[in-house]
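Chains as they are written, first to last, in numbering that gives the first Met the number 0: chain A, 0 to 263; chain B, 0 to 268.
Read the hints as simulated data drawn from the structure, not as lab findings.
Check the hints yourself; a few may be wrong.
[As the list claims (entries may be wrong)] Just a sample of chain A residues kept apart from chain B, beta carbon distances all over 12 Å, derived:
{"no.": "1", "residue": "ASN21"}
{"no.": "2", "residue": "ASP71"}
{"no.": "3", "residue": "GLU95"}
{"no.": "4", "residue": "LEU101"}
{"no.": "5", "residue": "GLN122"}
{"no.": "6", "residue": "ALA150"}
{"no.": "7", "residue": "THR165"}
{"no.": "8", "residue": "HIS195"}
[Stated by the list, open to error] So these bits of chain A aren't anywhere near chain B, every CB distance computed over 12 Å:
{"no.": "9", "residue": "TYR13"}
{"no.": "10", "residue": "GLN27"}
{"no.": "11", "residue": "SER28"}
{"no.": "12", "residue": "ASN38"}
{"no.": "13", "residue": "GLY63"}
{"no.": "14", "residue": "GLY76"}
{"no.": "15", "residue": "SER82"}
{"no.": "16", "residue": "PRO90"}
{"no.": "17", "residue": "MET99"}
{"no.": "18", "residue": "GLY100"}
{"no.": "19", "residue": "ARG115"}
{"no.": "20", "residue": "SER171"}
{"no.": "21", "residue": "GLY180"}
{"no.": "22", "residue": "LYS202"}
[Unchecked claim] So the derived list for chain A, only partly shown, Cβ under 8 Å to chain B, looks like this:
{"no.": "23", "residue": "GLY51"}
{"no.": "24", "residue": "LEU52"}
{"no.": "25", "residue": "PHE62"}
{"no.": "26", "residue": "LEU66"}
{"no.": "27", "residue": "THR70"}
{"no.": "28", "residue": "TRP72"}
{"no.": "29", "residue": "PHE89"}
{"no.": "30", "residue": "ILE91"}
{"no.": "31", "residue": "PRO102"}
{"no.": "32", "residue": "LEU107"}
{"no.": "33", "residue": "ARG127"}
{"no.": "34", "residue": "ALA130"}
{"no.": "35", "residue": "ILE133"}
{"no.": "36", "residue": "LEU137"}
{"no.": "37", "residue": "SER138"}
{"no.": "38", "residue": "GLY140"}
All figures in this text were calculated on a predicted structure; none of them were measured in a lab.
Heads up, the beta-carbon is just placed ideally off N, CA and C, and yes, glycines get one too.
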Amino acid sequence: MQEVIAARGINFAYTRVPVLENISFTVQSGDYVGLIGPNGGGKTTLLKVLLGLEKAKGEVRLFGTPLAHFTDWHKIGYLAQKSPVAQSRFPISAEEVVLMGLPSSHALRVTRAEIREVYDAMQKTRTREYAGRIFNDLSIGQQQRVLLARALVSKPQLLILDEPSTALDAKSREMFFDLLGELNTHFHTTILLITHDTGEVGKYISKFMYVDKNLVFFGTKEEFCHSEEVARKLGPFAQHTIDHLHNQHGHCPLGATCQECRHG
Amino acid sequence: MVEFLSYGFVQRGLLAGSLVAVSCALLGVFLVLKRLSLIGDGMSHVCLTGVAVALLTSTGPVYMSIPVVMLSSLGIMKLTQKFKIYGDAAIGIVSAAGLSVGLLLTALAGGFNTDLLGYLFGSILTVTTGETWLCVGLLVTVAGGVLAFYRLLVATCFDEAFAHTRGIPTQLVNTILVLITSVAVVLSFKVVGIFLISALIIIPPVSALLVSRTFKQVLWLASGFGVGSVWAGVYASFVLNIPSGAAIILINLCFLFACYVGSKKVRRD
Numbered sequence: 000m001q002e003v004i005a006a007r008g009i010n011f012a013y014t015r016v017p018v019l020e021n022i023s024f025t026v027q028s029g030d031y032v033g034l035i036g037p038n039g040g041g042k043t044t045l046l047k048v049l050l051g052l053e054k055a056k057g058e059v060r061l062f063g064t065p066l067a068h069f070t071d072w073h074k075i076g077y078l079a080q081k082s083p084v085a086q087s088r089f090p091i092s093a094e095e096v097v098l099m100g101l102p103s104s105h106a107l108r109v110t111r112a113e114i115r116e117v118y119d120a121m122q123k124t125r126t127r128e129y130a131g132r133i134f135n136d137l138s139i140g141q142q143q144r145v146l147l148a149r150a151l152v153s154k155p156q157l158l159i160l161d162e163p164s165t166a167l168d169a170k171s172r173e174m175f176f177d178l179l180g181e182l183n184t185h186f187h188t189t190i191l192l193i194t195h196d197t198g199e200v201g202k203y204i205s206k207f208m209y210v211d212k213n214l215v216f217f218g219t220k221e222e223f224c225h226s227e228e229v230a231r232k233l234g235p236f237a238q239h240t241i242d243h244l245h246n247q248h249g250h251c252p253l254g255a256t257c258q259e260c261r262h263g
Numbered sequence: 000m001v002e003f004l005s006y007g008f009v010q011r012g013l014l015a016g017s018l019v020a021v022s023c024a025l026l027g028v029f030l031v032l033k034r035l036s037l038i039g040d041g042m043s044h045v046c047l048t049g050v051a052v053a054l055l056t057s058t059g060p061v062y063m064s065i066p067v068v069m070l071s072s073l074g075i076m077k078l079t080q081k082f083k084i085y086g087d088a089a090i091g092i093v094s095a096a097g098l099s100v101g102l103l104l105t106a107l108a109g110g111f112n113t114d115l116l117g118y119l120f121g122s123i124l125t126v127t128t129g130e131t132w133l134c135v136g137l138l139v140t141v142a143g144g145v146l147a148f149y150r151l152l153v154a155t156c157f158d159e160a161f162a163h164t165r166g167i168p169t170q171l172v173n174t175i176l177v178l179i180t181s182v183a184v185v186l187s188f189k190v191v192g193i194f195l196i197s198a199l200i201i202i203p204p205v206s207a208l209l210v211s212r213t214f215k216q217v218l219w220l221a222s223g224f225g226v227g228s229v230w231a232g233v234y235a236s237f238v239l240n241i242p243s244g245a246a247i248i249l250i251n252l253c254f255l256f257a258c259y260v261g262s263k264k265v266r267r268d
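Next comes chain B alone, as it looks inside the complex (with noise of 0.2 Å):
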């Protein structure tokens, strides 16, 4: 274990890891709550299209992923609001979208590469430290916009149409919201990778909600186990030589399994 955390790309990669975990997990309590968590799914598709476009034009990925889906991300908001398209169907389609712009402009820059492929299943030891700053000013922004608007994001969360009448512009906190996941997303799939983005973003929050009896508490414990499924994951992965990402993940379902047995007993109980 120690000799594990000696490396310096190892501290690198599980101090952006836990940063990107705990800013997904805050985002994905509200995002599940208000039944959009599949946001997350459909931007980490349209990820493709950023990496797809770096990879074209010799630019970093991150950078490149991030205008791309949060403007996608606007247009998912778009197609709800405007044309009253459901949820659901707008994220599918702005993510096929996403997918297809994305093999196409993958094939015009010489089919699929090594490069790529670290994006598609993650690599969260190749984090480089302008990354990691950028996990600092996402959790910075995430955990200081919980702590700022609490009430505000709670109440739109519960009764959209009251919190509208409080004067909340309900609308408006929808956005960034979903602006902030965009970039969360991105910044997530260098830890996970594109496929399992949005695991990072459902699986921690589903889980704490199981067994939390207060808002808060989900918070916490979802942090909790998005953190602990970093470390666990990348400790899992040097030590049996898997990849990391799909260790992240399945070390959320454990989490989420052990969580639905816990909740089983205490209504038992």
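Isolated chain A, as found in the complex (with noise of 0.2 Å):
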């Protein structure tokens, strides 16, 4: 298995005040992981550190390269927490939008190859109908899966997504968890996903991170729900998610293994 991600004694602090604190893991190839944790805990800076968009002390490698000498962007694909521009008058269409995902060949023509690689994504994840609309004047549900759209057109290796299914309906975070879901299992795509939808990821997700300043637990889904000490230092969060693994799909999706079936 190929390690994608390598993070090895990650600390960062915003003016003196720690956000991690010695975090050291690695996410393998084909690898689905849900990372969670409270509100403030250092998840979002920790993506942003991966990314190189904080700078930390410690080592994080992206496909066995050093983050200072990674150039490979393509193989990565990432959607942030939030729609990157609240002003109304960025004149872009959808499908500009989308462009932005592939690297570029030439400055101003777009060729055949790229457009329909654009409309492939677009395709993907329902937005091709919007595709010449002005970025925008699109609901922010509408905006979140055209930017998901972008994280997927250059195909990447790799998908960092930062809380993606807040702003989106019922039908369309089914949908959009179905395609994440389909990408890791057909393409191998390996996933790190930032979400406190731990019942509705929770059928496809191969590993839980948790974060709280420090990497309090990093497993497999039944490692998680099993372990005592992550009961114990997870209080009532753990029992929460455990439940809302179990209550989600009206079955224990680790079968007869499940400790907590066995005892209900």
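Using the hints, put the two standalone chains together into the complex.
And the structure:
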């Protein structure tokens, strides 16, 4: 298995207030990692550090290359928590936004191959019908789906997503997580996803990472659900997450091995 | 009109003014969308330091101001990046520093004189041939840069964080944008004066953004508004015997008002 993300001894502070302390972990190719934790626990900051958007102490390697020397950015798709433009007058169409996800080979001209890739990505996120509309005229949910198309257009091997489903309605959310699951299952795309939606995403996620300034837990879903240590450390949150996983699907995602079900 | 255009100094002024107006408009579109437009205002105040040093040392104000303003703009960038000071606060600090040092040096140079007043309020008809060539160089750099790095610039303006994850050196892009703006600001003080430079950077792009549907349309329209305002302003100044800098900016404000009314009408329809 290829090492996709390796973080060693990550420490980060905003004006001397520590946000991340001594975080080390490795994400392997094909992993679908749910990054969870309380608000202000440093989840978004951790993603920014991994992408080089914030400078931190420690070492980050992407696809085996130190972050400072990493150039294969087309291998990574990123979707931030907030839509990038709050101002209402940025005159750019949805398809031009998706085009930004491709490494630009020409300054002005857009090639037919690029247009094809843009429309393919928009088809996947069901945004093809908005292609020609001004991005800021779309609803927040529609914008989020266009931005997901931008993250997918370069056919990335690693997707880094920061609470991508918050602005989506129930139907779009289901479509969204099904699409991510399909990418992970069929195309072996590695996914690192910040979420509070543990129930809905739970059926796809293979590993959980819990960050609250420190790396409290990183392991498989089975280990997360069954670990007494996790339950002790996380208290009601762990129980809530496990309950959510159970209730959401009507049956236990862990099958006969689940201690919770046996106890039930 | 023909008589007006027959004077060499008018032709030179209109040419330099048009070149600077297009440069400022093109740069202004990116600065306005990046919410950095007030950087022009800060830099224009720093121009006073450059002009005062030039008056004190009897050198050319334009040539003296370019390095001073470039250094100040780098100072603004450093304050925001290194010391995490808000952009508007950093601009305010550097602007105040530039203005106070400029005033101090002006006093040392013997106080306000007609030369200085010309720089404060603009004197487009005194543009020299050398300065006109500088304006040509500026426009070639700005227009060439926009053509060569169009997609990269738009991506950085739209979403800097995502642009970074595409391998675009966003900090370098910002630094180059700000440095070129420094040169544009210095070359603009002959056209509209130190006090009104930022208007030439802000108003044409804002007017264009009100009525445009595409990014390329914004660039074309903003440039058109800039050039139109220079020609109409200089002509109004010639006919009505009013300051050209003020006339240029007032005409820009008329364009802005017309675009605002136009955008409202389009939305209603």
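Practice item. Let me know if the C-beta of A/ALA130 comes in closer than 8 Å to any C-beta of chain B, holds or violated. Key: Since chain B brings no Cβ nearer than about 14 Å to A/ALA130, farther than 8 Å, the hint is violated.
Check your understanding: Is the hint on A/PHE62 kept, meaning its closest Cβ partner in chain B is under 8 Å away?
Key -> violated, 14 Å
Review point. Against chain B, does A/GLY100 keep a CB gap of more than 12 Å to every residue?
Key: Per Cβ check, A/GLY100 is inside 12 Å of chain B; nearest 7 Å; violated.
Practice item. Would you assess whether A/MET99, listed as outside the interface, keeps its beta-carbon beyond 12 Å of every beta-carbon in chain B? Key: Violated, because the least Cβ-Cβ distance between A/MET99 and chain B comes to about 5 Å, which does not exceed 12 Å.
Review point. Since A/SER28 was said not to touch the interface, does its Cβ keep a gap of more than 12 Å from each Cβ of chain B?
Key: Correct as stated: the minimum Cβ-Cβ distance to chain B is 19 Å, above 12 Å.
Exercise for review: Run the C-beta distances from A/GLU95 to all of chain B and say if the shortest one exceeds 12 Å.
Suggested key: At roughly 8 Å from the nearest Cβ of chain B, A/GLU95 sits no farther out than 12 Å, so the non-interface label is violated.
**Study point:** A/ILE133 as an interface hint toward chain B, with CB separation required under 8 Å
**Key:** A/ILE133 check passes; min Cβ-Cβ to chain B is 7 Å, inside 8 Å.
Check your understanding: In terms of Cβ atoms, is chain B entirely out of 12 Å range of A/GLN27?
Key -> Since the minimum Cβ distance to chain B is about 21 Å, A/GLN27 lies beyond 12 Å and the statement holds.
Exercise for review: With a cut-off of 8 Å on the beta carbons, see whether A/GLY51 makes it to chain B.
Suggested key: holds, 7 Å
Check your understanding: Can the hint on A/ILE91 be confirmed by a CB-to-CB distance to chain B that is less than 8 Å?
Key -> holds, 6 Å
Point to revise | Supplied contact hint for A/LEU52, tested at 8 Å Cβ to chain B | key: With a closest approach of 5 Å, the A/LEU52 hint holds.
Point to revise | Minimum Cβ distance from A/SER82 to chain B greater than 12 Å, as the annotation requires | key: With a cut-off of 12 Å, A/SER82 comes too close to chain B, as the shortest Cβ separation is near 9 Å.
Consistency with the previously given hints fails for numbers 2, 3, 4, 6, 9, 14, 15, 16, 17, 18, 25, 26, 33, 34, 36, 37 and 38, ordered from lowest to highest.
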